[in-house]
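S.K.: What follows is the residue order along each chain.
Number of protein chains: 2
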Amino acid sequence: MANSESFMAAALAEATEAARIGEVPVGAVLVLDGKIIARSGNRTRLANDVTAHAEIAVIRNASQSLGQERLLGADLYVTLEPCTMCAAAISFARIRRLYYGAEDPKGGAVDNGVRFFAQPTCHHAPEVYSGLGETAAASLLTTFFRSKRQDD
Amino acid sequence: MANSESFMAAALAEATEAARIGEVPVGAVLVLDGKIIARSGNRTRLANDVTAHAEIAVIRNASQSLGQERLLGADLYVTLEPCTMCAAAISFARIRRLYYGAEDPKGGAVDNGVRFFAQPTCHHAPEVYSGLGETAAASLLTTFFRSKRQDD
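First to last, the protein sequences are chains A and B. Last residue of the first sequence? That's 152 in UniProt numbering, and every number before it is there in order. Last residue of the second sequence? That's 152 in UniProt numbering, and every number before it is there in order.
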């Protein structure tokens, strides 16, 4: 559990950095054989890429560095419940375990929304662990959106 | 309708090229103001990227060339019903109209599977037109997978 907590802390650090540069504060790390092999926050604005959520950024980065499409045995830590797009990407990449922080009733697709991993059109589902680092993850998002509203 | 047919023909050409280079034969083009602004087939194998479906490839390419995240007013032509990941990306990119060829009961997410555009967690849905170029699109896929099985 100490390891899981430190990996989620690394994901939270990525979320904090994302907020600092004006991105929605969600962060992720990908772990293989006990080591972080990719880390990123959201980069949709900086990259002009709606698909550059933290989860997809780390999957792409890890696939590039390993030279393989599928990330068998890899575990993904992300501060917010993955959306529909990311849940499907996690399935395609054959991620072994998914740890997420805060639930996302409006956009999540794991324990909310389309609950993709439980659908017949989902051909690989990771083991899912939720609530790790939840308070810190949710607090980052609340603070970010409150400050955005004050800017408007 | 002549225009829609020629845009789907261009998507089919991308699917054919994808098959030639060993990728699953799905192709897409993105059209803005009556002109094709991005075209691609699947590139998951070549790019070592599970997210490099034809739809996501053209969305990313168009966003890069236009320097903007959202593709308001753009229409997407794709030879196969988008999967769960791509349906959500299409929604995020604010695509205006989606034209797709063949249905995909096993992996589709528009008229099959999670039917994402009809869900409460989908915050933008394109107009959807299906069946355009369906026979040619399905035939490319059938031929490709038959030849793969013979290789095994």
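Do not rely on the hints blindly, as some may be mistaken.
Put simply, identical chains are the same to the list, so a pair is met inside one copy or across any two.
[Stated by the list, open to error] Taking lysine to any residue and the SDA-like style, the derived pairs with C-alpha atoms no more than 25 Å apart in a straight line are:
#, residue 1, residue 2
1, K148, R96
2, K148, Q68
3, K148, H123
4, K148, S65
5, K148, S4
6, K106, P126
7, K148, A118
8, K148, H124
9, K35, G67
10, K106, A118
11, K35, N48
12, K148, E17
13, K35, D151
14, K35, T121
15, K106, T121
16, K106, A125
17, K148, T135
18, K106, P120
Derived by calculation from the structure, the hints in this document are not laboratory data.
S.K.: Now, for every hint given, state plainly whether the structure supports it.
M.R.: Now for the hints, and whether the structure bears them out:
no.	hint	verdict
1	K148 x R96	neither (35 Å within a copy, 27 Å between copies)
2	K148 x Q68	between (39 Å within a copy, 20 Å between copies)
3	K148 x H123	between (38 Å within a copy, 20 Å between copies)
4	K148 x S65	neither (35 Å within a copy, 28 Å between copies)
5	K148 x S4	neither (31 Å within a copy, 41 Å between copies)
6	K106 x P126	both (22 Å within a copy, 19 Å between copies)
7	K148 x A118	neither (35 Å within a copy, 29 Å between copies)
8	K148 x H124	between (37 Å within a copy, 22 Å between copies)
9	K35 x G67	within (17 Å within a copy, 35 Å between copies)
10	K106 x A118	both (18 Å within a copy, 14 Å between copies)
11	K35 x N48	between (30 Å within a copy, 21 Å between copies)
12	K148 x E17	within (16 Å within a copy, 45 Å between copies)
13	K35 x D151	neither (39 Å within a copy, 37 Å between copies)
14	K35 x T121	neither (31 Å within a copy, 34 Å between copies)
15	K106 x T121	both (22 Å within a copy, 6 Å between copies)
16	K106 x A125	both (21 Å within a copy, 15 Å between copies)
17	K148 x T135	within (20 Å within a copy, 49 Å between copies)
18	K106 x P120	both (22 Å within a copy, 8 Å between copies)
Hint violations for this structure: numbers 1, 4, 5, 7, 13, 14, all remaining hints satisfied.
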